[in-house]
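Visitor: Residues per chain are reported as follows:
Number of protein chains: 2
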Amino acid sequence: MTSSMSATSFLERVRPPIEATLDAILPPQNQSPQVLHQAMRYSVFAGGKRLRPSLCLAGFQTFRDDWESALPIAASIELIHTYSLIHDDLPAMDNDDFRRGRPSCHRQFGEDIAILAGDALLTLAFESVAGAPHMAADRIVGVTRMLGKSAGTVGGIIAGQVLDLEAGESVVGPEMLESIHRAKTGALLAASVSIGAYLAEADEDQLEIAAEFGRKIGLAFQIVDDLLDETASFSTLGKTPGKDREQGKVTYPAVHGIPVSRRIVSEVTGEALASALRLGPSGSLLADFASHLEARVR
Amino acid sequence: MTSSMSATSFLERVRPPIEATLDAILPPQNQSPQVLHQAMRYSVFAGGKRLRPSLCLAGFQTFRDDWESALPIAASIELIHTYSLIHDDLPAMDNDDFRRGRPSCHRQFGEDIAILAGDALLTLAFESVAGAPHMAADRIVGVTRMLGKSAGTVGGIIAGQVLDLEAGESVVGPEMLESIHRAKTGALLAASVSIGAYLAEADEDQLEIAAEFGRKIGLAFQIVDDLLDETASFSTLGKTPGKDREQGKVTYPAVHGIPVSRRIVSEVTGEALASALRLGPSGSLLADFASHLEARVR
Numbered sequence: 030m031t032s033s034m035s036a037t038s039f040l041e042r043v044r045p046p047i048e049a050t051l052d053a054i055l056p057p058q059n060q061s062p063q064v065l066h067q068a069m070r071y072s073v074f075a076g077g078k079r080l081r082p083s084l085c086l087a088g089f090q091t092f093r094d095d096w097e098s099a100l101p102i103a104a105s106i107e108l109i110h111t112y113s114l115i116h117d118d119l120p121a122m123d124n125d126d127f128r129r130g131r132p133s134c135h136r137q138f139g140e141d142i143a144i145l146a147g148d149a150l151l152t153l154a155f156e157s158v159a160g161a162p163h164m165a166a167d168r169i170v171g172v173t174r175m176l177g178k179s180a181g182t183v184g185g186i187i188a189g190q191v192l193d194l195e196a197g198e199s200v201v202g203p204e205m206l207e208s209i210h211r212a213k214t215g216a217l218l219a220a221s222v223s224i225g226a227y228l229a230e231a232d233e234d235q236l237e238i239a240a241e242f243g244r245k246i247g248l249a250f251q252i253v254d255d256l257l258d259e260t261a262s263f264s265t266l267g268k269t270p271g272k273d274r275e276q277g278k279v280t281y282p283a284v285h286g287i288p289v290s291r292r293i294v295s296e297v298t299g300e301a302l303a304s305a306l307r308l309g310p311s312g313s314l315l316a317d318f319a320s321h322l323e324a325r326v327r
Numbered sequence: 030m031t032s033s034m035s036a037t038s039f040l041e042r043v044r045p046p047i048e049a050t051l052d053a054i055l056p057p058q059n060q061s062p063q064v065l066h067q068a069m070r071y072s073v074f075a076g077g078k079r080l081r082p083s084l085c086l087a088g089f090q091t092f093r094d095d096w097e098s099a100l101p102i103a104a105s106i107e108l109i110h111t112y113s114l115i116h117d118d119l120p121a122m123d124n125d126d127f128r129r130g131r132p133s134c135h136r137q138f139g140e141d142i143a144i145l146a147g148d149a150l151l152t153l154a155f156e157s158v159a160g161a162p163h164m165a166a167d168r169i170v171g172v173t174r175m176l177g178k179s180a181g182t183v184g185g186i187i188a189g190q191v192l193d194l195e196a197g198e199s200v201v202g203p204e205m206l207e208s209i210h211r212a213k214t215g216a217l218l219a220a221s222v223s224i225g226a227y228l229a230e231a232d233e234d235q236l237e238i239a240a241e242f243g244r245k246i247g248l249a250f251q252i253v254d255d256l257l258d259e260t261a262s263f264s265t266l267g268k269t270p271g272k273d274r275e276q277g278k279v280t281y282p283a284v285h286g287i288p289v290s291r292r293i294v295s296e297v298t299g300e301a302l303a304s305a306l307r308l309g310p311s312g313s314l315l316a317d318f319a320s321h322l323e324a325r326v327r
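These protein sequence lines are chains F and H, in that order. Its first residue numbered 30, the first sequence is counted upward by one per residue in our numbering. Its first residue numbered 30, the second sequence is counted upward by one per residue in our numbering.
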């Protein structure tokens, strides 16, 4: 597919159907148990950028045009992302009072409901992948495995969380830092692109390139987040800035300093662009996503 | 299939392969992040009876002989059960210090690791269902939906947890009590039987009977648990007895008294037996499971 659209236009175009799909997947908030469904919706509709589902759809669009068919699975990835944020914010974890400019889920609904709302979003993600209409069973099984791995304990989100918690207690070198970032944020971002390409039935070589691209932008994205935590304001960030440093979190600016961190973002983004270009003209949308994500930090 | 085996013999026979399958599914405890994999194994290998995977295999055995092929999926159900126990025990939830005679996961590993270990077991359950060998993709998709529903917010485990938390704050009548028990414990027990029958390719009528049987024993099982909490010792129970009452939990003995609760167990077990008998001679194994579960309270 030739994708002449810019990342910005694509994000604008896919956002309303992503929101509508999330709304359709989530139980209504007047359905029992109401407080739980309210908490799930509170966190899912807190104004996220929907980057992961958009990347999934962009990965799909790179190889096939009818990205609408991938919407239920793309939306499920956002549910997993939201669950990880809710649990990450808990008092026993990062203890964050704010998320996207509003009280975090446990501040709003209590710790018990926040734990269960996270559990529920994770469960619903897998259930709704399995219930995705017009999707071949073997693709659904493949997506479930990819999602499980990227959310899991071997190089996935949970591995990243544990390594991140442990890092607060010791000196962390550049290699461990990269591992943490790749797991905690990179794995699900990379899986988003890969799942889109996989659903569009990209071939083996194309899937490997899409995965490589995803790993690169996943890493770059988290380094940019680290930089923004140092340099942005509460209103830009939607949460307390400088919190990473205050909590002794291991970040690129802490290990490498701000100028070198910016240079690493440029390098990794360059590698992502090179991967996207290996896909020929159809890779232009993904290439523009890489530039778009880097530009956040300028 | 004619299943002349007793529930006790069947439980003894399937237990070693269930343990071996769980061991194969769980990452080794020396794999990074070690503390997390240790916590997952600590809770999974805490000496549970493996009732849910055994019921899944019994549901399978009722319609087909080669229950070994259902082991990976049966074991995944135990992972979901274990995740729900870990999160249920957390300080923000039931705040239980003991589980199966040992410190609960958060007492042993800290609250952060316990939250993540629960998350990880839930994630791994879905991932390993999707990775089950020799299983048709459409069956895997069907199982994923059944598991998601039984663990979820609409009549599943999480719904039961929330209703249970809310029940502590108000007077609960017999109908709400039954709903809580059906969701919190009954849904996954019922799904265990249904998933086994579904994997063995039971027909629509047989599946409906298996589901009905599962709902009955699921309810009976939880009422028996309520009764044991009132009448058993720490060593029998592996956790602090009388805790339900102390926490103001809504239980059958609290609402109906002990004698009526016992009578309800007998009635519901009788209904389960009637369902099992509708399957003809092949229903004898399930029928014996119903009697076996009731006998715990005598």
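Where hints are given, some of them may not hold.
If chains are identical, the list can't say which one is meant, so a pair holds when it fits in one copy or spans any two.
As the list claims (entries may be wrong) - Here are the simulated SDA-like cross-link-like pairs (lysine to any residue), alpha carbons at most 20 Å apart as the crow flies:
1) K272 with E300
2) K178 with A166
3) K178 with D52
4) K278 with S295
Treat the hints as calculated values from the structure; they're not laboratory data. Every value quoted in this text rests on a predicted model; they were computed, and no experiment measured them.
Visitor: So which hints don't hold here, by number, going up?
Guide: Failing hints, ascending: 1, 4.
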